[in-house]
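Here's the letter readout for the chains.
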Amino acid sequence: MSEMTEVTTTGQTAAPAPTETPAVSLHAVTKRFPGGKGSEPVVAVDHIDLGIIDGEFFSLLGPSGCGKTTTLRMIAGFEYPSAGSIRIFDEEVGLKPPNKRPVNTVFQSYALFPHMTVAQNIAFGLEMKDVGRDEIQRRVAEVIDLVQLEGRENRKPKQLSGGQQQRVALARALVNRPKVLLLDEPLGALDLKLRQAMQIELKQMQEKVGITFVYVTHDQEEALTMSDRIAVMDSGNLLQVGSPEEIYDHPRTRFVADFIGETNLLEATVVDRRTAELGDGTPVRLDSDAATGTAVTLAVRPEKLGLVRADAERNHDLDAVHGTVDRVTFMGNAIAYHVTIEGGRIPFGIEIRQGNAPGIEHFAVGDEVRVRWAPSSASVLED
Amino acid sequence: MSIVDAGSAPAVAEDSVARPRRTVDRVLAGNAWMVFAFLYLPILVLIVLSFNDNDRVGVWTEASLRWYGEMFQHSRIMGALRTSIVVAVLSTAVSTVLGTAAALSLERFRYKSQRAFDGLLYLPVIIPDITMAVMLLLFFVQAFDIVLLVTGVGMSRGLGTITLAHIAFNISFVALVVRARLSGLDSSLEEAAADLYASRWLAFRRVTLPLIAPGVAGGALLALTLSLDDVVIAEFVSGAGTTTLPVFVFGALRRGISPLINAVSVLMLVGSILLVVGSLAISRRRTGG
Amino acid sequence: MATTLTPPDTDDTSVPPADLPPGLERNAEKAESRRGFLIGLPAYAYLVLFFAIPLAIVVVYSFATRSPSGLTVLADWNLRSYVRLTDSLVLAITWRSLWIATFTTVVSLVVAYPFAYYLATRPPRTRAILLVLVMIPFWSNFLVRTFAWRLLLSSDGPVTRILEFVGFANPRLLFTPTAVIIGLVYGYLPFMILPLYASLERMDHSLVEAARDLYATGWEAFRKVTWPLSKPGVIAGSILVFIPSFGAYVTPEVLGGTGTTMLGSYIGRQFVGTASDWPFGSSLSVAILFVMMIAAMFYFRSGGKDL
Chain A
1 MSEMTEVTTT GQTAAPAPTE TPAVSLHAVT KRFPGGKGSE PVVAVDHIDL
51 GIIDGEFFSL LGPSGCGKTT TLRMIAGFEY PSAGSIRIFD EEVGLKPPNK
101 RPVNTVFQSY ALFPHMTVAQ NIAFGLEMKD VGRDEIQRRV AEVIDLVQLE
151 GRENRKPKQL SGGQQQRVAL ARALVNRPKV LLLDEPLGAL DLKLRQAMQI
201 ELKQMQEKVG ITFVYVTHDQ EEALTMSDRI AVMDSGNLLQ VGSPEEIYDH
251 PRTRFVADFI GETNLLEATV VDRRTAELGD GTPVRLDSDA ATGTAVTLAV
301 RPEKLGLVRA DAERNHDLDA VHGTVDRVTF MGNAIAYHVT IEGGRIPFGI
351 EIRQGNAPGI EHFAVGDEVR VRWAPSSASV LED
Chain B
1 MSIVDAGSAP AVAEDSVARP RRTVDRVLAG NAWMVFAFLY LPILVLIVLS
51 FNDNDRVGVW TEASLRWYGE MFQHSRIMGA LRTSIVVAVL STAVSTVLGT
101 AAALSLERFR YKSQRAFDGL LYLPVIIPDI TMAVMLLLFF VQAFDIVLLV
151 TGVGMSRGLG TITLAHIAFN ISFVALVVRA RLSGLDSSLE EAAADLYASR
201 WLAFRRVTLP LIAPGVAGGA LLALTLSLDD VVIAEFVSGA GTTTLPVFVF
251 GALRRGISPL INAVSVLMLV GSILLVVGSL AISRRRTGG
Chain C
1 MATTLTPPDT DDTSVPPADL PPGLERNAEK AESRRGFLIG LPAYAYLVLF
51 FAIPLAIVVV YSFATRSPSG LTVLADWNLR SYVRLTDSLV LAITWRSLWI
101 ATFTTVVSLV VAYPFAYYLA TRPPRTRAIL LVLVMIPFWS NFLVRTFAWR
151 LLLSSDGPVT RILEFVGFAN PRLLFTPTAV IIGLVYGYLP FMILPLYASL
201 ERMDHSLVEA ARDLYATGWE AFRKVTWPLS KPGVIAGSIL VFIPSFGAYV
251 TPEVLGGTGT TMLGSYIGRQ FVGTASDWPF GSSLSVAILF VMMIAAMFYF
301 RSGGKDL
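Protein chains in written order, with this note's numbering: chain A, 1 to 383; chain B, 1 to 289; chain C, 1 to 307.
None of these hints come from the bench; they were simulated from the model. Built from N, CA and C at the ideal position, the CB exists for glycine as well. There may be inaccurate statements among the hints.
Unchecked claim - If the Cβ cut is set under 8 Å, some of the chain A residues that face chain C in the computed set are: (1) P81; (2) S82; (3) L95.
What the hints assert, rightly or not - Below 20 Å or equal to it, Euclidean Cα-Cα: the simulated SDA-like pairs (lysine to any residue) are: (4) C:K231 / C:G218; (5) A:K100 / B:F204; (6) C:K30 / A:P41; (7) A:K156 / B:R284; (8) A:K129 / A:F113.
This is chain A alone, in the form it adopts within the complex (with noise of 0.2 Å):
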């Protein structure tokens, strides 16, 4: 895959020494929890492999159910692996309680003490580790400053906002300075607007302190804005590790295409290495290793997709199909149209976004069309 390879070297994970030991490290780890009565145990984690580079910020990607969550939880401690290793800083704590574990972690819910105001929710890991009072004062006030949160030290937690009380989450964690942070969907109940003002933060703080996040979430958006790598989970398995470019602009499963963005399948037949073909025999060209005569599906991103009139000049850089424009929507920033193309075994629907510059032609339901896309747009899926 010299496309891959391509992309993953102009990406942000330059290999990192070969020496250097992994922050965190799961090893085949896997997590079956008991099934209701008489019923098979339900598989969670299945068997996964995982390296999560010092420093990083390393999202867990999938939708609710995957193991992402459950994964982020036995390496906190809260649950216990069924097998496999996970090591921190090459020491085993599978089997570790969570208080003897050198990270911590931002609950979704926060889990912030009710009881207790800001200041004490924040020193409470200093002092359960028996650290002087002086130092405590020092490193809560150091934190506190951090986060923005000075004069709000003697507030309970229902006093604060939202955002507030997931910087406070934030700060009892941090001022333990974890070797690993673990964020568990911290950003899920906030609302839109603070969201993205909080992961532009987070990401900002991630790299001030330079300790390596782990962080959950279900939302692609974040995980591509915020993550230097990003490890797509579905149904216990890890589907594809990689940076956001690379996860993005080339999905290995139909799953990851579909899940991460919104992407545009093609069915079709493997002519020779760079060639394959639709069902009606329009060339279009990819990378691919396949025997001739192999269906495979290529995704496409509809925003990779160009329009150009049926009678425009070919280009032949391009692949092209030809199409009918059924569908016009507006959408402000861009317009999407959606072509029927006529090429398959069946007439199917693509979607393709244009921006809104002036000079852009716009096209009407009826008119007909090429698609057309450069070939390394398009990535042939696995499966």
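Since the structure of chain A is provided, determine the placement of chains B and C on it from the hints.
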């Protein structure tokens, strides 16, 4: 629903749609007043009659504190009062500790015999008082027979047996109340404590216990009230010499009523109401601060 | 590159064996379970000693023999006490307990439903105050509250006076089933109000508005929406009133007369005085317990969880 605030009906034109609802609301309000009258009038009558000087309960002569004076002179009443208080305090203390532990064990852990214990814990709540009374009577009779046979020590029913019996039903009620509180408590708070390096015990003492404290207090209050309220079980497991105040009153009622009983009743009433109002005030101040 | 840390996803089978032998987590969880069990153990042990064993003793006694002098002989095991459960006297008392308890339940429901509805539709502050006002009598001494009715209903008490004034000739309430039912309703009304209130308060009132919007009259909206949705509360409340009413002991003793003996007091009589018959009293207790268990089963089936 639009009938939520009937009291502050706006002075705007009354439309015909709102009218029938208002009738319904009036009927509901009337019913509510009658229910409150039904709940409070008997208590008021009792209180008023306890200040009646006459020997006959129903014939009003003049207000006096005569029966209260006699009550405080009455050594059996005062003895029974003391027994009641001792039993209530002891059984509440023990059952609060055991019941809270049982609630924690059922709500925060998973183990095999849990369902059986769950059932065992619920039974004393649903069983009729009379059955529980009979059970415990037979148990103590049988147990004391065995003790006499084995050790030659004769034991008799009294303050001890009443306390043991009250603990038996109070554990269940305390556990019930504390469990309700625990199940409403986000378990991620306890996880957060563990995540912040707290040991099991510290997490309990610093996080769980302060947060379930209202539930524990509520359970203790319920236990105290139930213990002071109980007639049937205490009647069966008390001995000839020691009785609780309700058992004494119950016995007196069987012999026919005397105004003295009114005064004792008001004493018990005031005691229990003070208990509830006091605890409400305390809990309000605590949550308010 | 990333793949130095994340093994290629092509082969899952070639992964070296797990560092952590499977089942080890089971041990950790077992230790956790044991800890939970030990925390509960004192309470369980207490209940086994002072509840389960006494219960077993009652069952044992129900098969024993009563000696002519009234003592119980723990020998000569027989079913005589159970046979006596079908005596006409026992059946009459059971029947009476049943209808008094049923009547009490129905009256409570009729009084409590509109009251709970009223409560649930008040603004939150009023609601809280009214709830406390319901709870105060409930928390005060049961015996004393029952006794208050004896004063009210007695031949020279206010209720009798009012009835005479209105025109009833020689109204007699005390020591009648009516008095017992009044006393039981009074005693257990909060048991009906609270679950009803809980189910009505939880209800989304926009559902009623939706029904009105779909052309239902007020009454139809109640019958088709409010009532079905409050049914769990109705069932829970009814059972919570029925159970203690059926086994009532104090109320019929204080407000009832010779003609209103209920099962509870009848059982009690088997254990006091010269006419005592412990085996028979035990078999009655077992029988009543059985009825209660069935009622409780319905309660839990209806989704009720706590009082």
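Evaluation of the provided hints:
1. Because the smallest distance between the Cβ of A:P81 and any Cβ of chain C comes to about 6 Å, under 8 Å, the interface hint for this residue holds.
2. Against a cut-off of 8 Å between C-beta atoms, the interface hint on A:S82 holds, since the closest Cβ of chain C lies about 6 Å away.
3. Taking 8 Å as the C-beta contact cut-off toward chain C, the hint placing A:L95 at the interface holds, the least distance being around 5 Å.
4. With a C-alpha separation of about 18 Å, the suggested pair C:K231 and C:G218 falls inside the 20 Å cut-off, and the hint holds.
5. Distance hint between A:K100 and B:F204 is fulfilled; the C-alpha atoms sit about 17 Å from each other, no more than 20 Å.
6. A C-alpha spacing of about 17 Å is found between C:K30 and A:P41, which places the hinted pair at or below 20 Å, so the restraint holds.
7. Taking the CA atoms of A:K156 and B:R284, the gap is near 17 Å; set against the 20 Å cutoff, the hint holds.
8. Distance check on the hinted pair: A:K129 and A:F113 sit about 18 Å apart at the alpha-carbon level, within 20 Å; holds.
Going down the numbered hints, you'll see the structure goes against none, and every one checks out.
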